[in-house]
Amino acid sequence: MADRRRINGPPGATIPPIYEDASDKSVVTRQPPRSRPANAIRQTYLKTGVTPSASGSAYLEVEMAGKPGVSGLKLSCTVHGPRSLPRSSLFSPHIILSTHVKFAPFATKQRRGYLRDPTERDLGSHLEAALRGAIIADRWPKSGVDIIVSIIEGDQDRETSRQQGDEAWDMMNTLSGCITVASAALADAGIDCVDTVAGGVAALVRDDADNGKPKIVIDPVPSEHDKIEAACCVAYLPTRDEITNLWFKGDMPDDDMATYMELVQQGIQASKHANRVLVQCIGETVG
Amino acid sequence: MAQPTLTFPRPVFAKLSPHPFLLRSLCPQSESDPAGRTNGRAPREARSINIHTSSLSHAHGSAVIRTGDTTVICGVRAEVLPVASIPQFRPRAAFEEETETSKRAELKNYDLLVPNIELATGCAPQFLPGVPPTALAQTLSTRVYSLLHGSGMVDVEDLRIWKRQKKEGEMEVDEDGEEEREEQELVGYWVLYVDLLFVSFDGNPFDAAWTAVVAALKDTKLPVARWDTEREAVVCSRESRPLKVRGLPVACSAAVFLEKEYGEPGEGRHWILLDPDRLEETLCREVITMVVDCSSGETRIRAIEKQGGTVVGRELLRGFAGVAEQRWKEVSKAMQ
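Residue numbers (my numbering), protein chains in the order written: chain A, 1 to 287; chain B, 1 to 336.
The following block holds chain A by itself, in its conformation from the complex:
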């Protein structure tokens, strides 16, 4: 049944615009190949305190590669709490995290609905796992905190994300952004953490230009590469040298342990880069 609390539009189904050159592969403008070094992340802009009425908030923007001024990822995060749990809930000796990740309807190529879909729930649970390891949870018994991430722009430029199968890899970049922005918002809210957690992505890519030889890059942009074999998203605490969340996806031979380790190691490197931005941002606010 249609959602009666919202304005649903015409009863018949509407179709997103189909472009006449969409099926014509030759016309598809290919994104220029990756120009930054394999161990560099994209320009990231982070700012805290965008929502004054929330306990803590942050805004993150990641520059679109190859197109200065156009951003690939825009996230806004608010933290509400710590606050007491409702009376009806059970006793909890530590703080209860509830994370919500929501794509704005205009965030992706396809229009998103207002109800949370499984990918958003999945991102939410990954985010919760990443943050739970960083928060000193037993400092607030019987309380809860809400962490809400709104994805204002969630994948790449409309022109470039037309190739099939990009979205699964974009999700990794989105998650790593969510972790970094939520960590900044938690710090802004003054919730005690053992360390600042930040997200990083590394991927095993195969480019025709390199004669199909696989190589590992950090902070991959799917459209810049011909094929992505595997990718991993790491949430990492730098001073403790601990990983709080690891998400690995892709197709890799199972006898090659060294590549697995290398991929995670590169993910940690990406996370360290993101952490530098995070610490600098928090330093500006506090200092």
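Treat the hints loosely; a few may be bogus.
[Claimed, not checked] Computed Cβ-Cβ distance ranges for the label pairs, DEER-style:
#: 1; chain 1: B; residue 1: Glu232; chain 2: A; residue 2: Gly250; range: 36 to 44 Å
#: 2; chain 1: B; residue 1: Ala135; chain 2: A; residue 2: Thr239; range: 44 to 52 Å
#: 3; chain 1: A; residue 1: Arg139; chain 2: B; residue 2: Cys27; range: 40 to 48 Å
#: 4; chain 1: B; residue 1: Glu45; chain 2: A; residue 2: Gly250; range: 56 to 64 Å
#: 5; chain 1: B; residue 1: Val131; chain 2: A; residue 2: Pro16; range: 28 to 36 Å
#: 6; chain 1: A; residue 1: Arg121; chain 2: B; residue 2: Phe95; range: 52 to 60 Å
#: 7; chain 1: B; residue 1: Lys244; chain 2: A; residue 2: Asn211; range: 50 to 58 Å
#: 8; chain 1: A; residue 1: Gly190; chain 2: B; residue 2: Ala135; range: 26 to 34 Å
No lab work stands behind these hints: they were computed from the structure. The beta carbon of each residue, even a glycine, is placed where N, CA and C say it ideally should be.
Guided by the hints, dock chain B onto chain A, whose structure is given.
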């Protein structure tokens, strides 16, 4: 022994007893302490507005609005509604004359404008996700919906998709006979999904949301669409044309603050607070919104809404039109 003094900072007073706090601030105390609102503004002073358009790459038109601590993002997205999927589609017969009324009815009957407001982004502590849209979110969406249709900003002509691409200056009804007419068949409409997301909420959501809608619609560029007979579908080319938006309606809201917190309205003094913030909004029952459009040179009132009390009478309303006119000038300046 010195008497211990008990003083609280201002935010504590604002939280403990908001009504006396605002009242005291509005009453002039002494020469050194002039009357004003708790946010430092004069009663008839609105927050300055900041507009930024075309920042989203997936939307066909977008705008980000900031007024004080209220931030709204609006994205306009166009999708194709084929005529075949409209249940009660009735093509306009050749003898029927197209009037402004019939155009508006067409826009409304086929539901081509779909505005929705999302507040559950944690933009204020009372709006958390995981629950159905609040009453406020539903009311705001409905108000934007009715104003979009009522103001006649979008012409249905702009949203029609013809079987053959219409050229500039060509007459709609042609005299060359049957064959030509068949080519001028209507195959579909553009549906505009207008989605609004509150990033930060600090009072006066309607004005901010409406300004965002207008700015985003003015920024909207629709792809040029035509009917592809081979694929039997509407296809679009990469070139786009801007959506024509008529007029520039600007909403201006004010809240009426009463001296007595409880008791009959009309007793005691009252203040009209333009562009109320979150604290003021919770303390005021009577709210007035006026939508004016001065783009044609003279001030035209597009809508007046008033609820919650009887303080604002005919005289005040007339005066308020002047205030709204002033606000229109500020907003239209920010739009450029």
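Verification of the hints:
1. About 39 Å separates the C-beta atoms of B/Glu232 and A/Gly250, a value consistent with the hinted range of 36 to 44 Å.
2. For B/Ala135 and A/Thr239, the hinted distance range of 44 to 52 Å is satisfied, since their beta carbons lie about 47 Å from each other.
3. Between A/Arg139 and B/Cys27 the beta carbons are some 44 Å apart, a value that agrees with the proposed interval 40 to 48 Å.
4. Distance hint check: the CB atoms of B/Glu45 and A/Gly250 are about 58 Å apart, consistent with the given range 56 to 64 Å.
5. Separation of B/Val131 from A/Pro16 is about 29 Å and conforms to the stated range, judged on CB atoms against 28 to 36 Å.
6. The supplied range of 52 to 60 Å is met by A/Arg121 and B/Phe95, whose beta-carbon atoms lie about 55 Å from each other.
7. Judged by the Cβ atoms, the range 50 to 58 Å given for B/Lys244 and A/Asn211 holds: they are separated by roughly 53 Å.
8. Separated by about 32 Å at the C-beta atoms, A/Gly190 and B/Ala135 satisfy the suggested range of 26 to 34 Å.
Figure legend: structure checked against the earlier numbered hints; every hint is met.
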